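Asker: One-letter residues, chain by chain:
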Amino acid sequence: MSNGSKYDVIVIGGGHNGLVNAAYLAKAGKKVVVLERRHVLGGAAVTEEIFPGFKFSVCSYVVSLLRPEIIRDLDLPRHGLEILPLDGTFTPMPNGDYLWRVNDHGKTRREIARHSKVDAEAYEEFGKAMQAMCRFVKPMLAMVPPDPATLNPRELMKLLSVGRRFQAMPSEDKYNQVQLMTMSAADFLDQWFETDVLKATMSASGIIGTFLGVRSPGTAYVLLHHYMGEIDGAFRSWGFARGGTGAISESIAEAAKEAGAEIRTKAPTSKIIMKNGKAKGVVLQNGDEIYADIVSSSVDPRHTFIEFMEPGQLPDEFVEEVRRYKFRGSSGKVNLALDALPDFKCLKGPGEHLRGAISISPSVDYMERAYDDAKYGNFSRRPYVDIVIPSLTDPSVAPPGKHVMSCFVQYAPYKLHPGSNWDEQREAFGNNVIDTISEYAPNLKKLVLDKQVLTPLDLEREFGLSEGNIFQGELSLEQLFFLRPVPGWAQYRTPIKNLYMCGSATHPGGGIMGANGRLAALEILKDFKGAA
Amino acid sequence: MAEQRDLILVGGGHNGLVAAFYLAKAGFKPLIIEHRDKPGGVAITEEFHPGFRCSTLAHSAGPIRPDIVRDMRLEKHGLKLITPEVGTVAFSPDGRALVLYNDVSKAAQEIANFSQRDAAQYPELQQALAKIGKVLAGTLRRSPPNIDDPSKGDLWAMLQTGRAIRKLGKKDMYRLLRWGPMAVADLAAEFFETELLRATIAARGIFGTAFGPWSAGSSLVLLIRAAGDSHPAGSAYFAVGGMGAVTQAMSAAAQQAGAEIRSGLEVIEVRIKEGAATGVVLSTGEEINAKAVISNADPKRTLLKLVDPTHLSPDFVQRLQHYRMPGTVAKVNLALSGLPNFTALNGQSNSALAGRIHIGPEIDYLERAFDEAKYGNFSRQPYLEIAIPSVTDPSLAPEGKHVMSVYMQYAPYKLKDSNWDKERVALGDTVVKTLAQYAPNLPELIVHHQIITPQDLEDNFGLTGGHIFHGELSLDQFFTMRPLLDWARYRTPIRNLYLCGSGTHPGAGLTGGSGANAAREIVRDLRK
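For the record, the sequence lines run as chains A and B.
Each residue of the first sequence is one higher than the last, beginning at 1 in the numbering used here.
Each residue of the second sequence is one higher than the last, beginning at 1 in the numbering used here.
Excised from the complex, chain B in its bound form (with noise of 0.2 Å):
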């Protein structure tokens, strides 16, 4: 005699945490199973060597939606995020260091070393990515509307969009039309000459994509990530304890709310009767009934492995496997034995590395390492995105010592003609060499190091294809159609089974955004 439960949420990661607590809010009782050792997804903080703790994966929030944050009461369980004055710190091989505040005009300041004329652009792009940010950020708050035939709620959104819209006046409007089919890389060079500058700022629209800072749409990337910070480049989002503290604060939040989690148990099958989703069926051979199963695993894994795809229509089916989820990062984790020396900070104050770090000088830089990725092989001069937590949060490393997270772009899950284990030294290599370019004591410092391939993260996290984004961020990817036109409202062609991840609306980063929508969606459904 199976379980019966009220709803199963399949995975617990940041969306499916969120999901659960909104959910027990409005009075339900979800029950999340989480297939590893603990929940949270890609935001956990592991210890990979004695006395060294890392976010294994996602070093930095998105940021969290700050209405999220308050209804969860993050800091109430627990919760200490850091925002380190520095948002990116930019080296360039000729030693020069750029350092972005968040205070912006500290931030022109620095740039002013480079061109006065950038140091006067800048705040106007940050103003600009404000204004547009703020209406987006609207946007990805709403459910996308039913196309074919819209509610009255989704007529009254789609105004208040068109209002937001207007009130941006000409200039930014036309700016929002006009920038969000562009190459970031044209974006960038319409405000500054400083190649690094130009870099770093691109670099925000191409990360986690399969996209080069000279693809056509890279630019709505950047602006969709400019809708929770409206910095050019990004600030950094740290937290005591790494991400996992995260989602830690979020799971003692859902369980608070009347959330359950059991960890290390895998759902291998979504149960399916009459073309509604029933229940869940266990590794174990358990099964548990429920009202509605919430998916927070990627769309490809829910409906095409989860879910036996004779219960879809072929035409779905086919739609679905052209869902685009080509994985292009991987990451290293390393154990230093001490903070490494950038030549272009030469031994003064470290406060410069306590937000995120870029490496990738120039835009051909970053596009010459996309290249290589097209014809299925990692860069040999990747694209990093770096933090170093512990010179913010010591707790993470032994004394006097530090733990560095690396995300390396760009790494396609599909290698020409090898595989990922073949290549898992050479990629570490190749991330310690292009470091030690810019710190050249690194190697020296290196006690132990993590290696986190494309296949790694389709094998251990569930990422379909390695996507840490659970698919790709592109224009046909976005909104009415993420995960597909028709099915962008967390519901899927079977009843009561929903998604709740980041394969929906809105997607991109760690902002919680994707569960809280879909959360909404259900409640309205359920209660019907």
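Next up, chain A with everything else stripped away, as it sits in the complex (with noise of 0.2 Å):
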């Protein structure tokens, strides 16, 4: 019992950015501890056995943006990080053809001169121009955002900075990002290629984790998370933890530890203690109270400012903001255990392509109604499903010749339409998923052991995801950088004196990046030092 025991910083929530922030905050010497609701580490990052010797990345499955100074400051290969190349991306289409793209450049433009000669060139081209627009992008992922309605002179600087990075950029350039930040990821790759097929399936990761279209302003710009990692050299971003995604969580957490950090599981916060209007610790849902100079949350400001707090506590306006920020999942995962592995109709047999990722996404417009459905409270009926076999690639997760599938699937809104909701609907959610890779693989169904289901219901109940949005909040252009994820709060810090923000409800937003946990410790040393 720890109970009135003194820390320098408390971390709500111990998910990939909590534990990061703990982690630096530990290395310089802070007195941390990480509150972990659940009975493992992670958050939305974890391995769990569903099934016995079966091992899953429950929610997040592959790695994509895990910041490069992380993984050296925290040096996280010697705490057992070990990132395994997920190597292209295998899309099945309905007229039993398929499109098969690796990392090898020259082997991808041949099965794309498959489709379109044009297109086979314009990809290069392509890679080049989003290379282009990463150099611009990247600095602002590591950057906090500045606070347009100051009047610091620093900030303004900040602002300006970014002004004249973009005005330096050749006129291509500013072109291009300007259509990255505003278009639909649809409009902007119809600019660049014609094969259908192509453009779906490198659509679609402009729209994991929103409620929107491909067709749909502002998606354009995430595809250019699928370039980060070309830039970050030696380190390839794009790939599988050893162990499943929970290994990351781990290795993160070890750094932690061996920096001084305490970590407690089953510790679940139940209420954010406040003293003449400063933060001063958590009270824990079996009693305890913990005292602390700092709280640092990494759980979304729903559960923040809303369930851990008092109304009264903070000012109106600001909750009026929170309660109008958007969760909006979109989204579903389905894992299962396989006895073998699935045979796709186009291309037979085990082989390379599974090693990868394999997209259901045959065509712009297959991808936007699934959108549509969604838009009237239904799960798509044809969902765009992004599915990995890790198994493949890490013989650990699944018993011997057994396997692991994990589906993530989208559109599944959170809000059903009126007189249907997530636990009648679980069973044929999960199905129809079936149903919909069977279409392409027919021996999958008699191959499922097991399945897990999770609605955007379950990864709220299960994983503190409010609506089950998987990146804490939605990633649309009125949610981003300087507005993320309360207009002129978007620094880490909240109206709460003491009280930070760490998670991917801040800058620069979701997915494995771990950025925010960063910003967020650095900001907080910074007023350590000041308090000093």
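No lab work stands behind these hints, which were simulated from the structure alone.
Honestly, I wouldn't trust all of these hints.
[Claimed, not checked] Derived contacts from chain B toward chain A, CB cut-off under 10 Å, selection only:
#1 K170
#2 G212
#3 R324
Computed from a predicted structure; not experimentally measured.
Quick reminder that beta carbons are idealized off the backbone N, C-alpha and C, glycines included.
Can you join these two chains into the complex? Each is in its own frame, and there are hints to help.
Answerer: See the structure below:
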């Protein structure tokens, strides 16, 4: 019992951002305790043995954008992080053909040429253009958003410098950048390519985790994320973690512990303790009170400000903004334990094509129709499914000869139309996903030994993701950069002194990036200095 | 020997007329060449059936920028504006009417019939739009800055804009930043719970665009329109004699200032020598030379059709080809033997019909209408933007009879497996059927109808892709990006060739803004 025990910082939530936050603070010599609600660490970046012998990356399933500086600073490889390559994307088509892009440019080029010579040419150009864009955007991901409303010259200089860097770009890049920030993924790709299946598969990355369709303006930007990795040089961003995504959280946790952080699981927070307008600590659901100079919350704003705090402790306008902040979960997850590998009609037998991502995204209209269903409160009759079979690359996660198949499914709107609810729809939703994949891999049904279906409602209940949004809030333009999560509060601080935010609901948003936790830690340390 | 002129304006739409006026005022001698039988572009009034006159396309002004109305002294040139006290009336299928008066408190009273909460919110939104609109109006009046090397004037203008935005105060400043890229359905939902009110306001963010209310960026369209008129759902700006009266007054003003107008002549080519425009060639083969050529036509028509693309860099041509102009509206004009009976008004005073009429009772209704267009079909339950101008201007129809002007959305320019000649009749029927759900006696009142498809808009009015705003009003085609980044200042890669139409900043609607801004830049160049 550590009643009344005194820490420098309490980090609420042991997700990857909370852990990164704790690790950086501990490395700076702060006395830190991490409080995780569940029995396992990792939040949405977690590996669990759902069925005996079958280990699943339950939610997040690929390493996407983990910041290289974090991997270096925390020396994660030494703490057990091993990234295995996730090579390529395989898109089966209804007409029996397929599109299979791999990291080998030559191969991919020849493959695309099968569909369109023009696109094969354009693909190279596109890659180059995207990398140029990344060079502009990347620094922003590693930057505390400026506040356009202040008169603080430092902030305005930051804004100006962004403007300057934009101005300094060659006209071609400016043009692409502006389009990327504003256009829909489909419109943007239409300018480059003619092959429908290629556009559909690429556009998919623009909608993941948002309640937008591939034709919705603002979805083009996320296309960039797929190219971020390319310029991280030695370290490839796209891949699996050996032992599943949870291994990433584990390695970060190890780094944090080594630096002296204390980490508790099964320690759900119930309230933030306030004393004369300042955060003083937290009360756990078991009544334990833990005190600290600073409380850093990696959970989403709804939990932090609505659940953990009393009405009246925050300015009304702020609360209003928090309530307005859009979550709108739009995706679900289906995890399958398989007796053997699925066999795709268009490319039979086990092969390299099963080792990468398998994308059910045959056409742009298919993607858009999936969205249309969701707009009116139904799960997509034919959803976009992003499949990986990690057991092929990392046998340790399944019994010999058997496999785990992870299916990310969009759209699954958190709010179903009136008269329908997820507890009733869960089974139908899961089966619909299996049916959808079976249209391309008919033997799948026979192979399913067990299945775990996670609806947006389950993501909320199990992982505390409000409305089941995997990014702790929609990545739409009006909720990015200095507007995330609340205009005027994008710098990890809150209206409450000594209370900070460090989760995906802050800039630069979701995905296993860790940047949020790191940037928040740096801001917290700044304030420690200021106070000292 | 080709005729030598001072300046040539290709096309006499409202922006062309405004530009010509200001150029003439500055001492130049502009010659406007209009391919139709009279100037006016999309703002014309025509007798489409004996005794029945109607605004063929646009039926309500943007409104015209007040300073332009003043400078051109349009009233003195015969323009009589009508602004009915009812801005918009919206009908719901269950037979209810939402009457939005221009007077905010009166509107709030009406809204109270649906929701007290919304009634209280309405003035709040109106004031926010007024404040934000004022800031935007300033930006719309200026030429977009030159990003690569901003001039002193540009920097000053940017500073002014920055100041104005700050003056808004944190709350409204963040609103501006947050709303811009947002879906108008979200904006409406932030303020109101009444579905009919939400949809009526959201409509202002999607009219004339390839957006649905759930499309991100549709709020910006609403904000831009609020710059001229802060009523959340927009007001009605009619003119005695229809929209044609507006451009007639403009023609008169331009001519009096010294501009000349020749109608019924089509420009088929802009002549270019050593990278500079030297004049135009008419369909008659006649050639006219001039110091500069100013095009009121849309950017694609001007630079990809009238100009031989070999004079442009492949890169520029490719960008321009990517400039999006997906037309989504059709127009149906009806000659009526009497005033239709809208169930919701059950016979009571027709004053409610004096303004604009909105059909599109729910956000989902509008979004579903949009969905069909995405896949190349026209909406079977379309969103309708309607005016019955004869209610306030009896001169448009024979005694006791009326004309009804209906904008139908969505009617995609590109149909999936059909063409507009085949679908023309079906389109008209769809509009009438939809209206009959709200005014059952409408069908038997119809004396004559005129159907204008997106194809007609391109063929007869020269609107590429049938886009009434000369290009999509999307974030990536606004301000410094309209029509293209680096070319948002009314100039083109061809010396002495300028743009002054809706395809340039600020674009949206019948405001004259593009024409006035363009004239300012052109004068600056020609005086060098």
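Asker: Hints first: check each against the structure and report whether it holds.
Answerer: Outcome of the hint check:
1. K170: Status holds, d = 5 Å.
2. G212: Holds - the Cβ of B/G212 comes within 10 Å of chain A, reaching about 9 Å at its closest.
3. R324: holds, 7 Å
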